[in-house]
Amino acid sequence: MNEKIVIKSGRVLDPASHLDEILDVAVIDGKISEIGKSLNAEDSKVINAEGLWVCPGFVDMHVHLREPGQEDRETIASGALSAVYGGFTAVCCMPNTDPAVDSVGAVRYIIERAKSAGFAKVYPIAAITQKSEGKSLTNMASLFEEGAVAFSDDGRTVMDALIMRRAMEYARGIYTNGISAPISLHSIDENLARGGQINEGKISAILGLAGIPSCAETIAIARDIALAELTHAKVHFAHVSTKNAVQLIREAKSKGISVTAEVTPQHLALTDSELIGYDTRFKINPPLRSEEDRAALCEGLKDGTIDAIATDHAPHTQIDKDLPFDSAPFGTIGLETAVPVTYTILVKSGILSPLKWVEALSLAPCTIFNLPGGKLKVGA
Amino acid sequence: MNKTSDNFNSSSIQSSALNSRHLIALEKLTCKEIELILETAREMKKVFIASKEGTRSVKKVPALQGRTVVMLFFEPSTRTRNSFELAAKRLSADVVSIAVSVSSTTKGESIIDTVRNLEAMACDIIVVRHKSSGVPELLSHKVRSAIVNAGDGAHEHPSQGLLDIFTLKERFGSIEGLNLLIVGDILHSRVARSDIWGLTKLGAKVTLVGPPTLVPQGLEMPGVEIQYDLDSALPSADAVMLLRIQQERMESTFFPSLREYSHRYGLNKKRLSLAKKHCVVLHPGPINRGVEIDSEIADGPRSVILDQVTNGVAVRMSILYLLAGKL
Chain E
1 MNEKIVIKSG
11 RVLDPASHLD
21 EILDVAVIDG
31 KISEIGKSLN
41 AEDSKVINAE
51 GLWVCPGFVD
61 MHVHLREPGQ
71 EDRETIASGA
81 LSAVYGGFTA
91 VCCMPNTDPA
101 VDSVGAVRYI
111 IERAKSAGFA
121 KVYPIAAITQ
131 KSEGKSLTNM
141 ASLFEEGAVA
151 FSDDGRTVMD
161 ALIMRRAMEY
171 ARGIYTNGIS
181 APISLHSIDE
191 NLARGGQINE
201 GKISAILGLA
211 GIPSCAETIA
221 IARDIALAEL
231 THAKVHFAHV
241 STKNAVQLIR
251 EAKSKGISVT
261 AEVTPQHLAL
271 TDSELIGYDT
281 RFKINPPLRS
291 EEDRAALCEG
301 LKDGTIDAIA
311 TDHAPHTQID
321 KDLPFDSAPF
331 GTIGLETAVP
341 VTYTILVKSG
351 ILSPLKWVEA
361 LSLAPCTIFN
371 LPGGKLKVGA
Chain P
381 MNKTSDNFNS
391 SSIQSSALNS
401 RHLIALEKLT
411 CKEIELILET
421 AREMKKVFIA
431 SKEGTRSVKK
441 VPALQGRTVV
451 MLFFEPSTRT
461 RNSFELAAKR
471 LSADVVSIAV
481 SVSSTTKGES
491 IIDTVRNLEA
501 MACDIIVVRH
511 KSSGVPELLS
521 HKVRSAIVNA
531 GDGAHEHPSQ
541 GLLDIFTLKE
551 RFGSIEGLNL
561 LIVGDILHSR
571 VARSDIWGLT
581 KLGAKVTLVG
591 PPTLVPQGLE
601 MPGVEIQYDL
611 DSALPSADAV
621 MLLRIQQERM
631 ESTFFPSLRE
641 YSHRYGLNKK
651 RLSLAKKHCV
661 VLHPGPINRG
671 VEIDSEIADG
681 PRSVILDQVT
691 NGVAVRMSIL
701 YLLAGKL
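Residue numbers (this note's numbering), protein chains in the order written: chain E, 1 to 380; chain P, 381 to 707.
Calculated directly from the structure, the hints in this document are not laboratory data. Fair warning: this is a prediction, and the values are worked out from it, not measured in the lab. Yeah, the Cβ is synthetic: ideal placement off N, Cα and C, and Gly gets one too. Accuracy of the hints is not assured; some may be wrong.
What the hints assert, rightly or not - When the alpha-carbon atoms are kept at most 27 Å apart in a straight line, the in silico DSS-like pairs for lysine-lysine are as follows:
id, chain 1, residue 1, chain 2, residue 2
1, E, LYS121, E, LYS135
2, P, LYS511, E, LYS202
3, E, LYS321, P, LYS408
4, E, LYS202, P, LYS581
5, E, LYS202, P, LYS440
Claimed, not checked - Restraint-style ranges between C-beta atoms, simulated for each label pair:
id, chain 1, residue 1, chain 2, residue 2, range
6, E, VAL347, P, GLN597, 35 to 45 Å
7, P, GLY670, E, PRO329, 24 to 34 Å
8, P, GLN597, E, GLU274, 13 to 23 Å
As the list claims (entries may be wrong) - If you want the ones that stay clear, here's a sample from chain P, every Cβ over 12 Å from chain E, calculated:
id, residue
9, CYS411
10, HIS510
11, LYS522
12, SER569
13, GLU600
All chains, please: the whole structure from these sequences, using the hints.
Right, dumping it as structure tokens:
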């Protein structure tokens with residue numbers, strides 16, 4: 001039996017076709033059958049979308065679902081439910097679980113668990129190195145064949161430049177549809193950041209907390225841009241947080257190096273002044289930076305240096321966050337707040353057009369990770 | 381006979397002029413609050429010091445009779461804990477001292493649970509020290525008792541800052557316009573941060589001196605200057621405070637060797653001669669003789685190190701007394 005739904009008179013926003021008009025969208029059996037004016041709604045369930053926006057399902061290319069191994073923080077099912085509550089129809093989950101997603105079995109486990117959970121699509125990202133220890137490569141091709149959409153050692157940096165080079169080179173030879181497997185990099189120099197709790201600056205000095213200098217990010221990103229240039233790999237920078245990193249990526253793109261970048265709602269909305277009072281909810285990695293950095297991130301999104309918005313949704317238990325500041329873990333949640341937060345910061349303030357904002361949340365992540373979705377078109 | 385005891389009996393505790401019921405940081409205090417603590421400390425000192433040289437035979441007043449003060453030290457401390465303990469006892473409070481040894485990684489009972497357990501036994505004031513910056517602030521949001529910060533990580537050590545200011549005020553009469561040099565490991569020093577806030581609020585200047593690896597740029601603010609050369613900073617100093625250099629810092633490559641540190645920043649007789657005649661020398665203790673300070677300076681006429689210790693008890697009595705007034 002065919003189930004037909006007509007979404008009436010919504011503002012239809014499709015960045016792929018630059019569509020931004022009041023239109024109807026007809027859906028049959030979950031697929032878009034028609035987009036146009038005054039569509040026939042006979043025998044259809046009608047959703048009146050007057051005054052509302054009709055967008056492609058949002059895709060979060062950077063979340064932590066904590067399963068397997070840390071189910072007290074989040075599960076694939078609770079994370080996927082949280083995603084749809086927040087407007088995301090697909091998420092890509094990072095491999096820093098316990099054990100890390102460095103085996104074919106782990107990739108399969110996530111895909112199976114996600115299937116039985118329902119709600120949002122869950123795409124696993126597999127580890128670059130075994131146990132994400134930065135020493136030896138995972139069986140990247142096998143992991144990719146099993147369904148991993150990208151590779152990352154998120155939470156850690158592959159500090160050995162030679163290993164990083166090999167990973168990039170090797171990933172270049174793994175394809176789907178002629179597109180190389182992407183590598184998502186958490187680029188922070190771990191030696192410079194060692195022991196650091198928050199952004200290094202006036203606030204860290206006053207609070208007596210060890211700082212993470214912004215150059216810990218720029219140094220690592222500069223290295224990885226150089227390696228991307230050398231290897232021609234498809235390199236994506238996760239959670240960019242500093243002005244100088246934005247500038248490095250801008251220059252790399254202008255030289256034609258294949259790099260992309262994402263930014264989180266928290267880095268777009270907040271600065272390290274939130275840390276006054278030692279509230280561990282604001283303890284994240286990379287840390288909240290200065291106002292100058294925050295403004296540069298908005299500017300980077302505006303001029304296209306930064307391609308996507310991703311949450312880095314990283315749940316922890318209240319028990320873990322109620323610890324002394326330097327013992328509390330890094331990370332904050334974001335799936336259910338990312339859309340309203342970034343709408344307020346970027347669209348309401350006029351930094352991004354509605355279409356560009358929708359692109360950063362849908363088409364851009366799909367393009368970078370070569371995922372289906374991100375488009376409103378017949379058949380989608 | 382102890383005349384001053386009449387001034388501090390338990391019935392005379394009234395609502396004081398402190399704004400908060402906790403003492404977490406000098407950064408949070410107004411000028412007026414600092415002055416109030418110092419003035420009260422001056423009276424408190426008379427409880428156990430009769431004149432400049434002599435102590436009283438009965439060093440006690442009943443001001444905090446019936447109150448319970450808990451010393452909760454998550455980090456080893458002898459002088460601060462003893463000083464607070466003596467202060468509480470001289471005010472006739474009941475004192476419980478708890479030394480908790482916690483390694484940085486083991487969680488065990490959470491710190492909030494520890495404090496709630498103490499509270500369940502009806503304590504009034506909790507004096508807390510912890511190796512992590514921000515712990516007293518965390519606790520102050522979670523408990524009903526008054527929290528007194530006895531040193532948290534590299535954040536603040538407000539009672540030490542207040543006793544330093546008290547000692548300088550006793551020496552110079554007024555704080556305004558003085559220039560205090562703080563020499564050494566500023567980066568990891570909670571004492572330096574409390575001194576900076578307290579002294580600048582009262583109109584003094586603070587000059588931070590040390591190798592750039594140990595002096596964070598972020599502390600530069602109105603009234604605070606940073607210098608890397610002790611010899612050129614000394615001539616303008618009214619007081620010099622040396623901070624203890626910890627061996628483990630050297631292993632983290634903040635400076636090459638103790639010998640080189642001592643060579644550039646150790647205070648000896650020759651160096652001190654560069655300073656003004658009235659310049660005094662402070663140290664929050666415990667001192668490393670021969671590293672940051674020579675014995676002849678530590679024990680010499682310009683040293684006010686033992687005055688600091690005496691005044692510490694008076695200042696802590698003042699803090700406990702004023703906070704008890706808010707209970």
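Hints, one by one, checked against the model:
Distance hint between E/LYS121 and E/LYS135 is unfulfilled; the C-alpha atoms sit about 31 Å from each other, more than 27 Å. Taking the CA atoms of P/LYS511 and E/LYS202, the gap is near 21 Å; set against the 27 Å cutoff, the hint holds. Taking the CA atoms of E/LYS321 and P/LYS408, the gap is about 24 Å. The hint holds against a cut of 27 Å. Proximity of E/LYS202 to P/LYS581 is assessed by CA-CA distance (about 18 Å); at most 27 Å being required, the pair is judged to hold.
Between E/LYS202 and P/LYS440 the CA atoms are separated by roughly 43 Å; this puts the pair beyond 27 Å, and the hint is violated. Against the hinted window of 35 to 45 Å, the Cβ-Cβ separation of E/VAL347 and P/GLN597 comes to about 37 Å, which satisfies the hint. Separation of P/GLY670 from E/PRO329 is about 42 Å and departs from the stated range, judged on CB atoms against 24 to 34 Å. Range check, P/GLN597 to E/GLU274: about 21 Å between beta-carbon atoms, so the 13 to 23 Å window is met.
With a least CB separation of 18 Å from chain E, P/CYS411 remains clear of the 12 Å interface cut-off, as annotated. With a closest Cβ-Cβ approach of about 6 Å to chain E, P/HIS510 is found to fall inside the 12 Å limit, against its non-interface label. The Cβ of P/LYS522 sits about 8 Å from the closest Cβ of chain E, inside the 12 Å cut-off, so the non-interface label is violated. Chain E draws P/SER569 into its interface by the beta-carbon criterion, the shortest separation being 8 Å against a cut-off of 12 Å.
The Cβ of P/GLU600 does not lie farther than 12 Å from every Cβ of chain E; its closest approach is about 8 Å, which violates its non-interface assignment.
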